[in-house]
Amino acid sequence: MAFEDLLEDPVIQKYLHELVGPKGMPVAAAPPEGEVTDEELAEELDLELNDVRRSLFILYENDLASYRRLRDEDSGWLTYLWTFEYDNIPENLESELHRLYEALSDRREYERTHEFYLCEICSIRFEFGEAMDFGFECPECGTPMDAMDNDRLVSSMDERIAALEDELNVGAEA
Amino acid sequence: MSLAEVEADLSEDERAGLELVRQSGGIHQSDFWKELGVSSRKGSRIVESLVEKELVDREDAVYDGHNTYYIAPTARDLDFRLLMAGDMLSPFIGEEEVDANSDAFSQWIMNLAYED
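Protein chains in written order, with full-length UniProt numbering: chain A, 1 to 174; chain B, 1 to 116.
Treat the hints as calculated values from the structure; they're not laboratory data. Every residue gets a Cβ at the ideal spot worked out from N, C-alpha and C, and that includes glycine. Heads up, a few of these hints could be off.
Stated by the list, open to error - Pairwise CB distance ranges, derived in the manner of DEER restraints:
| hint | chain 1 | residue 1 | chain 2 | residue 2 | range |
| --- | --- | --- | --- | --- | --- |
| 1 | B | Glu95 | A | Asp5 | 36 to 46 Å |
| 2 | A | Trp77 | B | Ala8 | 43 to 53 Å |
| 3 | A | Glu18 | B | Thr68 | 19 to 29 Å |
| 4 | A | Asp74 | B | Asp103 | 49 to 59 Å |
| 5 | B | Asp99 | A | Cys122 | 37 to 47 Å |
| 6 | A | Asp158 | B | Arg22 | 18 to 28 Å |
| 7 | A | Glu111 | B | Glu52 | 42 to 52 Å |
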């Protein structure tokens, strides 16, 4: 098996699981060295060929696998020879850290500049304008809404944003 | 050879250099050898070797008006746990668009605020 040091990281395991799903995990979690065909993988892992192909194409779409095609001269059939490209995982996750950072910054701005009301029974949150339109009563159950304090959300977002800025050398400090 | 094995094989100077790059989060080559307390020639040999082993990234830079290199840790050194809130991974993974107001992201932020 290849890329063992990367696959030891629980976040990377989780990432692959998120991409290929539970059925694809046997394929994603045990990349062989060198080239392999979908049939070889299916046999080795005792999986349906379709499940193997599905995982391989998801990995391909995420730059984590590549293939070359060979045509069998007698039968005319195409064989796909796959290579796992897990060296790209760190760069992929780096761009995910940047995407998360952007989203957190946008969301923090929204949280800071809006007021919220909450129906505690239904756990539904309303913006001030929406809440006013409903007369500050939950449209689902009729319970009066309470003003909701989002300080804890904002402060935990502050902390994560600061950690991301430090790690990625972006934002305030850069 | 895995990266861990490559790292275990480093000379003392290389190891100190790698540590400096990681701790600084990125450093210009002209500061690198000074901070490390070695000659500029030795500094550049250390960087050369770390680049070749893919332990650091190097790019051209202009610093204090002269041409130098900027030496940075590779993506492998990033702390990917920053993608997690509790046991939930960033909801943008596998998604084309980033929607900062999506329900999935609200859930992620709730996890972040109330994780133990």
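Hint-by-hint comparison with the structure:
no., hint, verdict
1, B:Glu95 with A:Asp5: 36 to 46 Å, "27 Å, violated"
2, A:Trp77 with B:Ala8: 43 to 53 Å, "46 Å, holds"
3, A:Glu18 with B:Thr68: 19 to 29 Å, "40 Å, violated"
4, A:Asp74 with B:Asp103: 49 to 59 Å, "54 Å, holds"
5, B:Asp99 with A:Cys122: 37 to 47 Å, "23 Å, violated"
6, A:Asp158 with B:Arg22: 18 to 28 Å, "25 Å, holds"
7, A:Glu111 with B:Glu52: 42 to 52 Å, "46 Å, holds"
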